[in-house]
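Going line by line, the protein sequences match chains A and B. Positions 1 to 111 (this note's numbering) are the ones given, in order, by the first sequence. Positions 1 to 463 (this note's numbering) are the ones given, in order, by the second sequence.
If you're looking for bench data, these hints aren't it; they were derived computationally from the structure. Values in this document were obtained by computation on a predicted structure and should not be read as measured data. Don't be surprised by glycine CBs; every beta carbon is placed ideally from N, CA and C. It is possible that some hints are incorrect.
[Unchecked claim] Here are the computed distance ranges between Cβ atoms for each label pair:
#1 80/A / 167/B: 51 to 61 Å
#2 357/B / 23/A: 55 to 65 Å
#3 71/A / 384/B: 38 to 48 Å
#4 67/B / 48/A: 49 to 59 Å
#5 360/B / 23/A: 50 to 60 Å
#6 187/B / 110/A: 28 to 38 Å
#7 70/A / 63/B: 50 to 60 Å
#8 81/B / 48/A: 39 to 49 Å
#9 9/A / 133/B: 44 to 54 Å
#10 38/A / 351/B: 33 to 43 Å
#11 110/A / 460/B: 34 to 44 Å
#12 65/A / 305/B: 27 to 37 Å
#13 23/A / 63/B: 40 to 50 Å
#14 80/A / 202/B: 32 to 42 Å
[To be verified] Residues from chain A shown here face chain B by an in silico Cβ test under 8 Å; the list is partial:
#15 47
#16 50
#17 54
#18 80
#19 84
#20 87
#21 88
#22 90
#23 93
#24 94
#25 98
#26 99
#27 100
#28 101
#29 106
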Amino acid sequence: MKVVFKQDGGIGIIELHGRLDAYNAPELKAVYDQAAEKVSNFVLDMAECDFIDSTGLGTIVACLKSASQGGGDIRIARLQDKPRMVFDITRAHKIFDIFDDLDAAIQSFGD
Amino acid sequence: MRGLIYAGSGGLGWLKRYFADTDPYLLKIVNKPLLEYFLDLASILKVTELRVVSDHSTRSMEEIFGDGSRWGVKLSYALAKPGDSLKNVYLKNMSFCKDQDMLLFNGFCFVNYDRRELEGIVKSKQSFCLGDEQKRVICLKSGCSLSETASKPQEQVPGLSVSEINSVMDYYRLSMSILKHWNKFYVLPGYSNQKDTFLGLNLIYPNSSELVPPIMIGDNCSFNKFTIIGPNSIIGDNVIVDENTIVKDSIILDDTFIGAELDIDSKIVCKNHLIDGKTGDMIVVHDKILVSQVERGLVVSYFNYMIQKALAVVFLLIQLPFWLLFFITFSLILRKHRSSWLINKGFKTIDYLGPHRLNQSLWGRFMLRLSLDKFCLLWHVLRGKLILVGNSLMPNSAAYRKLVLDLPVYTPGVFSLAETVEITSTDELVFYELEYVHNVSTRFNLKIVVRCLLRRLIKGYRG
């Protein structure tokens, strides 16, 4: 899995490529922890993420908790069908705002 | 044109009370899920791509509607946060909605349409909004603002109107009106060789039984002798009506058994819930002879079923000497209490010494490696209470009872897919249960048995 961090103004964009599972989740947490020193609002771009397991989802939730404690938020963009099923069965969609467009997700922080 | 259906669950508490295990948007109106009426209308209005956004779950909708090819539309699904407004949902699906003529359905309502007058809507360049803030249909032409259009709801659009369904009485009235007066306006399921009569597949009824139109009967129904069904009756799929019973002006929902010598008039019957269609009064019937749920289980072939029984006999014979040697002495000396386990959705239980109790001692853990805890369960396979491979057997506790109700089918087995993997939460358990239900086959079952036995032998029990 590849995790890429970019910054768009005050918004951090974390791109996930490949599988987010128990093996790769620490990498996401490490990237997030580093980025959280610079920004508090994030968009998780999951356009290239084709699989997520419960540990991966747990890591995203841990990042969200950490962001909320710092007064920020994490929004999800371009969630693919298979990871969406995991969000559905774990009811994670009740705590995340999910956008199908990256720009709309970024702009939503301005609303 | 594209379409977006926002299946929000706000304000639908009353539906949960009456039809607890049905997704509100899959509630059948004249034997057809509400969502399907939206799809039909979208298809008539030449919508090519449609997205269903739900704030609860899209799982059961996906199972029924799939990719939408049956309706000639490309169907996709998305999730929203509970409480999201239509505007929020629109923004969250901006990539889908951008620069398109959009047809938006919002909330739990019924859209009445007359297809002869809909041509004008397709050709018109005007946006419109019908209905109130919570329940409405909006046709948004490209370049128009959603906020502006939504703020000016129209009184009338030719060929289109919105009916609110705010109570079980509204639901009853609407269903009856469609069956009696508007059945020609919609594509209703079943074949019809007589006016106002719609019959499903595999209907069994004797000569002494009478069907009186208007009537709608679903698939796999069976009516016993001297029954009178109708007039004005809607019978769902998998319904059994026992002898000398009269059903009129009533709605019987899927998977329901109606007992003998009853007079069902102006009622809605949903499994063991008996609802008065005119007042909304409801009673839950505990006497299974009157009305009850027809149990649904995993669909396994006869071949699969016989293989499972044969394997159960083989395992019993192999385990018998070990069980006599270790297990009997263990239960006599340590006197561990048996616990109760759920074997169907009706919360029937069996008692046996479960693995979590055995796991508390070294001796017990050794027996778990040999899968001796399953010996008692194998007897239940021969008695037809369990199957060899099925859903995970769940303990009889409030949390698991809720989980069992959430599953589309619950047919527990001695071995299960969930046992072959490491599970840390109930959400994961649900995931594997659903995966099993979707992939069940003889080969898959055999694989599960082998993996369960090997995993136990090598790694021991991991509860």
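Against the structure, the hints come out as follows:
no.	hint	verdict
1	80/A / 167/B: 51 to 61 Å	violated, 39 Å
2	357/B / 23/A: 55 to 65 Å	violated, 34 Å
3	71/A / 384/B: 38 to 48 Å	violated, 60 Å
4	67/B / 48/A: 49 to 59 Å	violated, 22 Å
5	360/B / 23/A: 50 to 60 Å	violated, 32 Å
6	187/B / 110/A: 28 to 38 Å	violated, 45 Å
7	70/A / 63/B: 50 to 60 Å	violated, 40 Å
8	81/B / 48/A: 39 to 49 Å	violated, 24 Å
9	9/A / 133/B: 44 to 54 Å	violated, 34 Å
10	38/A / 351/B: 33 to 43 Å	violated, 59 Å
11	110/A / 460/B: 34 to 44 Å	violated, 55 Å
12	65/A / 305/B: 27 to 37 Å	violated, 48 Å
13	23/A / 63/B: 40 to 50 Å	violated, 31 Å
14	80/A / 202/B: 32 to 42 Å	holds, 39 Å
15	47	violated, 10 Å
16	50	violated, 16 Å
17	54	holds, 5 Å
18	80	violated, 11 Å
19	84	holds, 7 Å
20	87	holds, 6 Å
21	88	holds, 5 Å
22	90	holds, 4 Å
23	93	holds, 4 Å
24	94	holds, 6 Å
25	98	holds, 6 Å
26	99	holds, 5 Å
27	100	holds, 4 Å
28	101	holds, 4 Å
29	106	violated, 11 Å
In this structure, the earlier hints numbered 1, 2, 3, 4, 5, 6, 7, 8, 9, 10, 11, 12, 13, 15, 16, 18, 29 are contradicted, and the remaining ones agree with it.
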